[in-house]
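Engineer: Let's have the full structure, built from the sequences with the hints guiding it.
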Amino acid sequence: MTSLVLAASESSGNFVNLDIHVWEWFALAAFITALLVADLLLVHRKPHDISFKEAALESAVWISIGLAFSGVIYYIGKTSGIAADGTHG
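Numbering (my numbering), first residue to last: 1 to 89.
Hints listed in this document are in silico derivations from the structure and should not be mistaken for laboratory results.
Where a beta carbon is used, it is the ideal one built from N, C-alpha and C, also for glycine.
Simulated DEER-style distance windows between Cβ atoms:
1. 56 x 31: 20 to 26 Å
2. 51 x 77: 34 to 40 Å
3. 66 x 25: 14 to 20 Å
4. 22 x 77: 18 to 24 Å
5. 71 x 41: 23 to 29 Å
6. 73 x 52: 30 to 36 Å
7. 47 x 19: 43 to 49 Å
8. 76 x 39: 22 to 28 Å
9. 49 x 76: 36 to 42 Å
10. 37 x 64: 15 to 21 Å
11. 73 x 42: 21 to 27 Å
12. 69 x 44: 17 to 23 Å
13. 38 x 72: 17 to 23 Å
14. 58 x 25: 25 to 31 Å
Derived lysine to aspartate or glutamate pairs resembling EDC-like cross-links, with alpha carbons at most 20 Å apart:
15. 46 x 58
16. 53 x 39
17. 78 x 19
18. 78 x 24
Structural biologist: Next up, the structure:
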């Protein structure tokens, strides 16, 4: 366990210091809440046995949403001028 703590403290210089505003965290929380509420109220409004096709479709939708979110984060990172190593330019 000590080696994990030491390894984590040695590599702490590899982290990027990101400046994320409070409103961005609230927007993310609101977006996630809206997705979950929509899923619960629209898709799962009636209890029923879920077929394989329905489960596959729901999984595809959630995976697509996750990939789209990752794409947005990637695009924002590319256009803000922050390189993968945390340097600007």
